[in-house]
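K.L.:
Sequence:
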Amino acid sequence: MKFKEAIKHIDEQISQMLEEIEEKKIEEIINYFFQANNIFVYGAGRSGLVGKAFAIRLVHLGFPTFVIGETITKPVKKGDLVVLISGSGETIPVAMTAEIARRLGAKIISITANPDSHIARFADLVVILKPKEKKADLAPLGTLFEASAWIFLDGIIAELMAKKGESEESMKRRHATLE
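In terms of the working numbering, the sequence shown is numbered consecutively and its last residue is 1554.
I should point out that these hints are in silico values taken from the structure, not numbers from a laboratory. Cβ atoms here follow ideal geometry from the backbone N, Cα and C, with glycine treated the same way. Errors might be hidden in some of the hints.
List of simulated lysine to any residue pairs, SDA-like, C-alpha gap at most 25 angstroms [to be verified]:
{"no.": "1", "residue 1": "K1452", "residue 2": "D1499"}
{"no.": "2", "residue 1": "K1427", "residue 2": "I1396"}
{"no.": "3", "residue 1": "K1509", "residue 2": "E1395"}
{"no.": "4", "residue 1": "K1400", "residue 2": "A1470"}
If you anchor each label on the Cβ, the simulated ranges turn out as follows [as the list claims (entries may be wrong)]:
{"no.": "5", "residue 1": "I1401", "residue 2": "L1479", "range": "34 to 40 angstroms"}
{"no.": "6", "residue 1": "I1382", "residue 2": "K1452", "range": "41 to 47 angstroms"}
{"no.": "7", "residue 1": "K1399", "residue 2": "G1480", "range": "35 to 41 angstroms"}
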């Protein structure tokens, strides 16, 4: 059955990618969040959905967070952090955002599968999530990147929770009451 084979493949690939990320890099990422005046998150397509889910959790933790492209997003300035998510690292609106954020003096964290990409070149810190083995019939298109980015960013949330002394209960107080 393809279902079980796909789940096993996706699980193995994600675990392998995330295990390779060094603790030092995680510590650097966490420091960027605490040093930022505001946090901006951006991705396109499914990577954008991952970014929005991450932004929601950052808001639950009390970080001033905005999703680039939304009408209520404030301007990016020096002292802000921009988190970009793109498997190829070449998606045009995300790549252009990297250039603009750099010009405005923001710090940039790029999450990509392509270490030589446009968003990687403009980043202060790059997280590479590249699968060792891709089976298109089990995980088509960007599935492995998107799923690993989601889990990676949820791991960052857990680390931020610990550093801030937050709990699920304290986060619930910042959860939307109208949905």
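K.L.:
Decide, hint by hint, whether the structure agrees.
P.N.:
For each hint, the structure was consulted:
{"no.": "1", "hint": "K1452 to D1499", "result": "15 angstroms, holds"}
{"no.": "2", "hint": "K1427 to I1396", "result": "22 angstroms, holds"}
{"no.": "3", "hint": "K1509 to E1395", "result": "17 angstroms, holds"}
{"no.": "4", "hint": "K1400 to A1470", "result": "22 angstroms, holds"}
{"no.": "5", "hint": "I1401 to L1479: 34 to 40 angstroms", "result": "26 angstroms, violated"}
{"no.": "6", "hint": "I1382 to K1452: 41 to 47 angstroms", "result": "43 angstroms, holds"}
{"no.": "7", "hint": "K1399 to G1480: 35 to 41 angstroms", "result": "25 angstroms, violated"}
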